[in-house]
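2 protein chains.
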Amino acid sequence: MTQKTIACVVFPGLTPLDLVGPVTMLGMLTWMEPEYELTVVGARIEEHETDAPLRITPSHTFDQVRDPAVLVVPGGAAPAFRAMTDKALLGYLRAASASAEITASVCSGSLLLGAAGLLKGKRATTHWTVLDLLAEFDATPVRERWVEDGDVITAAGVSAGIDMGLYLVARLAGQDAARIAQFGAEYDPEPPFGPLDWDAAPRELFAPAAVSWVTEGLAGDPDLSARLRARL
Amino acid sequence: MTQKTIACVVFPGLTPLDLVGPVTMLGMLTWMEPEYELTVVGARIEEHETDAPLRITPSHTFDQVRDPAVLVVPGGAAPAFRAMTDKALLGYLRAASASAEITASVCSGSLLLGAAGLLKGKRATTHWTVLDLLAEFDATPVRERWVEDGDVITAAGVSAGIDMGLYLVARLAGQDAARIAQFGAEYDPEPPFGPLDWDAAPRELFAPAAVSWVTEGLAGDPDLSARLRARL
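So the protein sequences, as listed, match chains C and H.
Last residue of the first sequence: number 232 in full-length UniProt numbering, and the count goes up by one each step with no gaps.
Last residue of the second sequence: number 232 in full-length UniProt numbering, and the count goes up by one each step with no gaps.
These are calculated hints, taken from the structure and not from any lab test.
Each hint should be verified, as a subset may be incorrect.
Identical copies go unnamed one by one, so any copy, or any two together, can satisfy a pair.
25 Å max Cα-Cα, derived SDA-like pairs, lysine to any residue [claimed, not checked]:
{"no.": "1", "residue 1": "LYS4", "residue 2": "GLU144"}
{"no.": "2", "residue 1": "LYS4", "residue 2": "ASP176"}
{"no.": "3", "residue 1": "LYS120", "residue 2": "PHE206"}
{"no.": "4", "residue 1": "LYS4", "residue 2": "ASP51"}
{"no.": "5", "residue 1": "LYS4", "residue 2": "ARG203"}
{"no.": "6", "residue 1": "LYS87", "residue 2": "GLU35"}
{"no.": "7", "residue 1": "LYS4", "residue 2": "PRO192"}
{"no.": "8", "residue 1": "LYS120", "residue 2": "ARG143"}
{"no.": "9", "residue 1": "LYS4", "residue 2": "GLU49"}
{"no.": "10", "residue 1": "LYS4", "residue 2": "ALA207"}
{"no.": "11", "residue 1": "LYS87", "residue 2": "ASP176"}
Just chain C, same shape as in the assembly (with noise of 0.2 Å):
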């Protein structure tokens, strides 16, 4: 049997649920299907703050799973920003999508990938709020749960994470694993209040908290800030 590795990304000060959402749908997979193996990747083995109060330390460093099979990036607020600048991190996303069937994001990680230079002519997907950033990095936004062009998949804001990884599960194994992992997580939701009322959205209050994670991630590189914020 030959196995078959995903890799989800950590970087400082990610959104947990972005990575958590789609670690829970893909470690379902590796029950039902042992050929693939599900790893959380770090530049090291050590605990990584972010942006809730807990820390995450992942299973491997991005050295020991250089070809995954899948590669899911998840996103965050300005720490997210802040790994647009991270070569490390940037030159493993390169490296590992080159040789990955599927490139996969959450939120504000398909900008990560666009910062890569993997969003190149492909539609794309991001957190609402900062969708129209995506066009700076040659991709198409679209407002979509999630995206999928070609071996690029990109996913909403971070619970669309879940949807997106249950959508994996189903490409990488069919609609009948799709469903067992659905039944595992007991995925039926009821958002108390119903779906988003998109005309109803808060704008006015995220618009400035977007402007600041941009301002605040960047403010190592003064240019691409500028940029990303004449789009805002």
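Fit chain H to the supplied structure of chain C, relying on the hints for placement.
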């Protein structure tokens, strides 16, 4: 301003999404309502294994957060049953719940509340595969996404902690705050193959898994193990 602390518990082997779902929504609450402080508490501030290839380090010890306003308890597979024999953990749950306005759980976390004696006479829920076990702890099992019985709120399996977390935000800070948290996490779920079809639940696949969780987790307490297995 009186600070109110929310304590989300970790124990060795937990299911990350059980924790991270409510943490995501309650983190948004602290952004909107700074009177709330979000903490993740464990026996020690050190890496905790999970059932995924990542380790989680809490922000505080149990001793540092003795009187939380809100207590949230995640679950897991076999390790959640093992945790039922962890006297320090159960002692913390009892002490923290005594002072808390709200005691909440996700997935088999409700069985931990039960083992701590906190569900007597309460309506409660848990992961669908182990729902009948609640009766062993004098709780009334209910098949709902989340169940509120006075100051105790229990959620169904794994991903139900996201819905319950939003409900918690609403209960603590109102519906408008919950709607903003929902936009922040872009929680507009779209399971690729629709909601769960309970008539097609893979019961024969999951039933032996549930038995193995109890057997393996409660190897140190054969009496409780036998009583729980008799209900599966």
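Each hint, compared with the structure:
In this assembly of identical chains, the alpha carbons of LYS4 and GLU144 never lie at most 25 Å apart, being 29 Å within a copy and 37 Å across copies at closest. Taking the shortest alpha-carbon separations for LYS4 and ASP176, only the intra-copy value of 20 Å comes in at or below 25 Å, while the best inter-copy value is 45 Å. Neither within a single protomer nor between protomers do LYS120 and PHE206 lie at most 25 Å apart by alpha-carbon distance, with minima of 27 Å and 43 Å respectively. Proximity of LYS4 to ASP51 under the C-alpha cut-off of 25 Å is restricted to the inter-copy arrangement: shortest distance 20 Å between copies versus 30 Å within a copy.
Proximity of LYS4 to ARG203 under the C-alpha cut-off of 25 Å is found in neither arrangement, the shortest distances being 42 Å within a copy and 28 Å between copies. Taking CA atoms no more than 25 Å apart as the test, LYS87 paired with GLU35 passes in neither setting, with 32 Å inside one copy and 39 Å between copies. For the identical chains of this complex, LYS4 and PRO192 are inter-copy neighbours only, at 24 Å across copies versus 39 Å inside a copy, given an alpha-carbon limit of 25 Å. Only within a single protomer do LYS120 and ARG143 lie at most 25 Å apart by alpha-carbon distance; the minimum there is 18 Å, versus 47 Å between protomers.
With identical chains, the CA atoms of LYS4 and GLU49 are at most 25 Å apart between copies only, with a shortest distance of 23 Å across copies and 28 Å within one. Taking identical chains as interchangeable, the C-alpha atoms of LYS4 and ALA207 are never at most 25 Å apart, the minima being 41 Å within one chain and 28 Å between chains. Neither within a single protomer nor between protomers do LYS87 and ASP176 lie at most 25 Å apart by alpha-carbon distance, with minima of 40 Å and 41 Å respectively.
The earlier numbered hints that this structure contradicts are 1, 3, 5, 6, 10 and 11.
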